[in-house]
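With chain A fixed as given, assemble chain B onto it according to the hints.
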Amino acid sequence: MNPALLYLLRRSLRNAVVGRFRRLRNPRYLLLFAVGAAYFGLVFGPWGRTRDPSDDWSEFAEWGGALFGMLMAAGAWLLPARKSPLAFLEAEVALLFPAPLSRRELVSYKLLDIQKYLVLSGLFFALMALFRSGPFRAATVLCGTWLGFSVLTLHQVGAHLTRKSLLDHGVSGWRRMGIPLMVLAALVSVVAMGTPPLPALEKEEFGSRLRDWLAALGESPAGWALLPFRLLARPMFAQDLPSFLLHAGTLGGLGALLYLWVIRTDAAFEEAAADQAADLARRIDAARRGKFWGREKGRKPPRRNPWRLGSAGPPETAFLWKSVAESLRAVSPRLIGILIAAGALGIALGMKATPAGTGAILRTVLAAVMLAGAGLLVFGGPSFLGSNLRQDMEQVELLKTLPVAPGRLVRCSLAGAVFPTAVLQALLVGGAAILLPAPEKAGITLAWRIAGAAGLAFVLPALAALSATADAAGVLFFPAWVRPGQAPAQGVEAMGYGIILMIGKFALLVFGMAVPAAAGGAVVLLAGIGGPAFLPAGAWMGAVAAAGAALAEVALLSEVLGRRFAVLDPAEESILS
Amino acid sequence: MDGTGALIEVRDLRKAYGETEAVRGLSFEVRAGEVLGLVGPNGAGKTTTLRCLAGILPPTSGTIRVAGRDLRLDPVSAKGALAWVPDDPRFFENLTVEEHLQFLGRLYRVPGAAERIPRLLADFEIADKAAELPAALSRGMKQKLSLACAFLHDPRAILLDEPLTGLDPIAIRWAKDAIAARAKEGAAVIVSSHLLHLVEELADRVLVILKGTLRAVGTLEELQAVHPDLAAGASLEEIFLRMAAGDPPPAGAPGP
Numbered sequence: 001m002n003p004a005l006l007y008l009l010r011r012s013l014r015n016a017v018v019g020r021f022r023r024l025r026n027p028r029y030l031l032l033f034a035v036g037a038a039y040f041g042l043v044f045g046p047w048g049r050t051r052d053p054s055d056d057w058s059e060f061a062e063w064g065g066a067l068f069g070m071l072m073a074a075g076a077w078l079l080p081a082r083k084s085p086l087a088f089l090e091a092e093v094a095l096l097f098p099a100p101l102s103r104r105e106l107v108s109y110k111l112l113d114i115q116k117y118l119v120l121s122g123l124f125f126a127l128m129a130l131f132r133s134g135p136f137r138a139a140t141v142l143c144g145t146w147l148g149f150s151v152l153t154l155h156q157v158g159a160h161l162t163r164k165s166l167l168d169h170g171v172s173g174w175r176r177m178g179i180p181l182m183v184l185a186a187l188v189s190v191v192a193m194g195t196p197p198l199p200a201l202e203k204e205e206f207g208s209r210l211r212d213w214l215a216a217l218g219e220s221p222a223g224w225a226l227l228p229f230r231l232l233a234r235p236m237f238a239q240d241l242p243s244f245l246l247h248a249g250t251l252g253g254l255g256a257l258l259y260l261w262v263i264r265t266d267a268a269f270e271e272a273a274a275d276q277a278a279d280l281a282r283r284i285d286a287a288r289r290g291k292f293w294g295r296e297k298g299r300k301p302p303r304r305n306p307w308r309l310g311s312a313g314p315p316e317t318a319f320l321w322k323s324v325a326e327s328l329r330a331v332s333p334r335l336i337g338i339l340i341a342a343g344a345l346g347i348a349l350g351m352k353a354t355p356a357g358t359g360a361i362l363r364t365v366l367a368a369v370m371l372a373g374a375g376l377l378v379f380g381g382p383s384f385l386g387s388n389l390r391q392d393m394e395q396v397e398l399l400k401t402l403p404v405a406p407g408r409l410v411r412c413s414l415a416g417a418v419f420p421t422a423v424l425q426a427l428l429v430g431g432a433a434i435l436l437p438a439p440e441k442a443g444i445t446l447a448w449r450i451a452g453a454a455g456l457a458f459v460l461p462a463l464a465a466l467s468a469t470a471d472a473a474g475v476l477f478f479p480a481w482v483r484p485g486q487a488p489a490q491g492v493e494a495m496g497y498g499i500i501l502m503i504g505k506f507a508l509l510v511f512g513m514a515v516p517a518a519a520g521g522a523v524v525l526l527a528g529i530g531g532p533a534f535l536p537a538g539a540w541m542g543a544v545a546a547a548g549a550a551l552a553e554v555a556l557l558s559e560v561l562g563r564r565f566a567v568l569d570p571a572e573e574s575i576l577s
Numbered sequence: 001m002d003g004t005g006a007l008i009e010v011r012d013l014r015k016a017y018g019e020t021e022a023v024r025g026l027s028f029e030v031r032a033g034e035v036l037g038l039v040g041p042n043g044a045g046k047t048t049t050l051r052c053l054a055g056i057l058p059p060t061s062g063t064i065r066v067a068g069r070d071l072r073l074d075p076v077s078a079k080g081a082l083a084w085v086p087d088d089p090r091f092f093e094n095l096t097v098e099e100h101l102q103f104l105g106r107l108y109r110v111p112g113a114a115e116r117i118p119r120l121l122a123d124f125e126i127a128d129k130a131a132e133l134p135a136a137l138s139r140g141m142k143q144k145l146s147l148a149c150a151f152l153h154d155p156r157a158i159l160l161d162e163p164l165t166g167l168d169p170i171a172i173r174w175a176k177d178a179i180a181a182r183a184k185e186g187a188a189v190i191v192s193s194h195l196l197h198l199v200e201e202l203a204d205r206v207l208v209i210l211k212g213t214l215r216a217v218g219t220l221e222e223l224q225a226v227h228p229d230l231a232a233g234a235s236l237e238e239i240f241l242r243m244a245a246g247d248p249p250p251a252g253a254p255g256p
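Residue numbers (this note's numbering), protein chains in the order written: chain A, 1 to 577; chain B, 1 to 256.
Since the hints were made in silico from the structure, they are not lab data. Treat the hints with care, since some could be wrong.
Unchecked claim - Pairs of lysine-lysine, BS3-like flavour, derived with a Cα cap of 30 Å:
| # | chain 1 | residue 1 | chain 2 | residue 2 |
| --- | --- | --- | --- | --- |
| 1 | B | K176 | B | K142 |
| 2 | A | K116 | B | K142 |
| 3 | B | K211 | A | K83 |
| 4 | A | K83 | A | K322 |
| 5 | B | K142 | A | K83 |
| 6 | A | K505 | A | K400 |
| 7 | B | K184 | B | K142 |
| 8 | A | K83 | A | K164 |
| 9 | B | K129 | B | K184 |
| 10 | A | K400 | B | K142 |
| 11 | A | K322 | A | K505 |
| 12 | B | K211 | A | K164 |
| 13 | A | K116 | B | K129 |
Unchecked claim - Sample of chain A residues lacking proximity to chain B, with all beta carbon distances greater than 10 Å (derived):
| # | residue |
| --- | --- |
| 14 | P80 |
| 15 | L120 |
| 16 | V190 |
| 17 | P199 |
| 18 | S208 |
| 19 | L246 |
| 20 | T317 |
| 21 | L366 |
| 22 | I503 |
| 23 | M541 |
| 24 | G562 |
| 25 | V567 |
Note that this is a predicted model, so its numbers are computed, not measured. Note that the Cβ used here is the ideal one computed from N, Cα and C, for glycine as well.
So here's chain A without its partners, still in its complex pose:
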C-alpha cells in the first residue's frame, strides 16, 4: 500500500475523531450524545436485558448469515445497485485520479477506506457481547463481524467491477446475466434436491428438532453447496480460540481470493466514480450553503405537471402542487401501474369470491392490510411521500426571501408533505370499506361502514399532519442531523436524535390528540341524544371535529416552528461529518 495513502487514511481518521469530540462542546450535541449513550446502555449495555445471541443460537446464526450472504451475493449480480460500491469523493477524484497512482493502488486505497465503516459495525456488536459474555467474545465478535462484512464487500465490489468490465467489452443484457443466472440456478437446484426433509416442528421440541435438522442440513449436499456463505458468520459465533482461528483463517483465505479477483479486474471505474463523486459533491455543497438536502439533478426527465397552477390563490396550493409534482416524479409510471394493477386484482379477487368461502377471509385480510397501511402512513407517509420540510430546506435561501410569513411557510410545507399521504390514506380506507365482507357476515352495517371510512379519511391525515409537525420540528431544531449525501448521521448522537424525535412524535400524537378526542367525543355524545340511528352520522361528524381540532393545533405549532425558521442560520447550523 502506498505510504502516502496510508498517511491520508490515518490523518483523516484522527482528525475526524478529534472533530467529533470537539463538537460535543456544543450542549445540544452533548445532550444528544447523552441520550444516545443512555439508550445504548439501557438496551444493550450492562443494565440491559438482551442476551448474547451466540449463547443458544450460534447454529441458527450461521444459517441466517448464509442466507443473508447468499441474497447479497445474488443481488450483486442480478439486481445490482446503480451506484458503485467503490464510491469516491470529489476530493479523491480531483487529487488522487490525476496523481501518479496505479489503478491497483486506487482500488486498494478505497477498499481500505471502507474498512472503517465495517470496523464500526463490528464495534457495535462487540460492545453488546462485551457486557454479556466478556472480552473474549467481544474480540471474536469484532473480528468476525469485520471479516464477514469485508468478504461480502469484496464480493460486491468484484461483482460490480466484473459487470462493468463485461460491459466495457461489449457484453451486455442477458449475456452478462447468463453465467450468474446459471450459477444461481445450479445452487438452487442442489439446495432444493439436497436438503433433508423438514421434520414436524412441534412447540415442545421446536428448538431441538430444528437443531437436529440444521445439523443434517450441514452434512447434506445442500449444506456443502452453501459452505462459502456459511463461512461468513462462523468466526463471529466461534465459541473458543481454536475454532475462531480456524474459521477466521478460512474466511480470510476466501477474502484474499476475492481481493485478488477485485484488483485484477480491468473495468474502467473512473468515469462512473467521477460522476458519482460529482453528484455527492453537489449534495454536500447544497448542505454547506444551508441547503440541507441536495438531491441528484438531471437523472429523471421532467414529467407533466399534475395540474396547471394559476397565479391567484393561497400559497398553500402552490406547495400542494409542488408536492404532488415531486411525488409523481419520484415514482416511475411502471411502479404506479403495478400498484394499481395489484390493488385492482386484489379487490376483484375479493369481490368475486363468495362470502361463505375463502373470499370472506381474503377480503377481511386485505381490508385489514389496507387499514394497517393507512395507519402506518401516519408515521412514515409525510417523510417518504411528497415533499416535506426536510426537502424544502434545500431551497432555504429562496424560502427565506418569499413574501410569506414564516409560520404560514411552515404550514404550506406541512400541507405539501401531508397531501399525498392523505390521498393515499383515503384510497386505502375506501378500498378497505369496499372490501369488507357483506354487512351480515362482518357485523358492520353499511351506515357504520361509510361513517367509519369517511371519519378515518379525515382523522388519519390530521394525525399525519401532527406527525409531520414533529418531523419539521426535528429538521428546524437539529438541522445538522439531516445528512446530505449517501449516509444518514451515524454514531451515538444520531441514535440520541432518533430517540428524541421518536419520543417527540409519540408525545405530540398522544397529547396532541387530547383536545381533538374531547371535541370529537362531545359531538358523538350530542349525536347520541338523537338516538342510535344518528350515531353513525354523529361518529363521522365527531371525526371531522377531531380532525379540525388537530389541524388547529398544527396551525398553532407551525407558528412556533415559523419563529424558529425565521431565526435559523443555515450556514451556522449545517455541521457535517
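This is chain B only, laid out in the frame that chain A set:
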C-alpha cells in the same frame, strides 16, 4: 507546430458518453513555457477535455502524451509530470491545509517537501491557515490551496479549469502571476476560462472549441486573421462571439 519541446500532445482525442460525443477528434500540442487558453461556450467539451488530459476520465479513443509519456500506456509516469486544478477545488474534509501538502508531497515523492511546504504556504499567503480544515477556508483561500497543491511537485504540465472564477481582483492578479511564473519556469499550461479578457492577457495561444470540435487554434493575431472583417485589434471576446455565432471558418484558418 513541429512538436519540438511539446509537453502536452493530444492526437484525435474523442470522448463519448453513450450516444453523445462530447469531444470529437481534438488534436493539439502545448510546448514548454507556453500557456494555451482553452475557450468555448458551456457544454463545448472543455472540462471533459481537461479531465481526459488529467487522467480522470478515460478517453474513448485518441492519444494523450504528457512529457513524452503515454497517459494510457504509462499513466503513473505521465501523471507524475502533471497537475490538475479543478474549477471547484475539492479537498479532504479531515485533512488540514498543511496535511494536504504533506500528503501530496509524499504521493509525488517531492524531495525536501518538509522545507518546501512552509515556503509554499507563505508564498501563497495561507501560512496562517496551515492548521485549518478546508471547510474553514474562503473560496479564494481554497483556490490558493488548490494551486499550492498543484505546484508543490513542480509539474511540467499544468491543467487549470476556470482557476480565476469567484476570486476577488487581488486574488485574480495573484493567481495570474503565479500561473505566468510557472510557465516562465518551463511548464506547459492549459487554462480553461470564460473570462476572455484574462485568457487574452495570460495565454500565448488560444484554442477555441465548439461542440467538442476544434474550431481554431493560434495566437490572438492568428485568430484575428480568421475574421478580417472585424476591426483591427479585435479582442478575443469579439472573435469568440463571432465564432460561436456559427460563422464558418474561412479557408486558411489556423488549425492544430
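Each hint tested on the structure:
Distance check on the hinted pair: B:K176 and B:K142 sit about 16 Å apart at the alpha-carbon level, within 30 Å; holds. Note on A:K116 and B:K142: the hinted pairing holds, with a Cα-Cα distance of about 28 Å set against a maximum of 30 Å. Note on B:K211 and A:K83: the hinted pairing holds, with a Cα-Cα distance of about 29 Å set against a maximum of 30 Å. At roughly 28 Å between alpha-carbon atoms, A:K83 and A:K322 fall within 30 Å of each other, so this suggested pair holds.
A threshold of 30 Å between alpha carbons decides the hint, and for B:K142 with A:K83 the separation of about 29 Å falls inside it, so the pair holds. For the suggested pair A:K505 and A:K400, the alpha carbons sit about 26 Å apart, so the restraint of at most 30 Å is met. At most 30 Å may separate the alpha-carbon atoms for a hinted pair to count; B:K184 and B:K142 meet this at roughly 24 Å. For the hint linking A:K83 to A:K164, the alpha-carbon distance of about 12 Å falls within 30 Å, and the restraint holds.
Restraint check for B:K129 and B:K184: satisfied, since their Cα atoms lie roughly 28 Å apart, inside the 30 Å limit. About 28 Å separates the Cα atoms of A:K400 and B:K142, which keeps this hinted pair within 30 Å; it holds. A hinted pair counts as satisfied when its Cα atoms are at most 30 Å apart, and A:K322 with A:K505 qualifies at roughly 25 Å. Of the pairs offered as hints, the one joining B:K211 and A:K164 holds, with about 28 Å between alpha carbons and a cut-off of 30 Å not exceeded.
At most 30 Å may separate the alpha-carbon atoms for a hinted pair to count; A:K116 and B:K129 meet this at roughly 28 Å. Look at A:P80: its CB is around 18 Å from the nearest CB on chain B, clear of 10 Å, so calling it non-interface holds up. Listed as outside the interface, A:L120 is consistent with that label: its C-beta sits roughly 15 Å from the nearest C-beta of chain B, beyond the 10 Å cut-off. The claim that A:V190 is not at the interface with chain B holds, since no C-beta of that chain comes within 10 Å of its own (minimum 40 Å).
Consistency note on A:P199: stated as away from chain B, and its beta-carbon is indeed over 10 Å from all of that chain's, at 55 Å minimum. Here A:S208 stays apart from chain B, with its beta-carbon at least about 52 Å from theirs, past the 10 Å limit. Distance check for A:L246 against chain B: the nearest CB is about 38 Å away, which clears 10 Å, and the non-interface claim stands. Consistency note on A:T317: stated as away from chain B, and its beta-carbon is indeed over 10 Å from all of that chain's, at 35 Å minimum.
Residue-level check passed: A:L366 sits 44 Å from the nearest beta carbon of chain B, beyond 10 Å. Against the 10 Å criterion, A:I503 stays outside the reach of chain B, whose nearest CB is about 32 Å from its own CB. Non-interface status of A:M541 relative to chain B is upheld: no Cβ of that chain comes within 10 Å, the nearest being about 56 Å off. For A:G562, the shortest C-beta to C-beta distance to chain B comes to about 30 Å, beyond the 10 Å cut-off, and the non-interface label holds.
Against chain B, the non-interface label of A:V567 holds: every CB pair exceeds 10 Å, the least being about 23 Å.
Every hint, counting from the list given before, is met by this structure.
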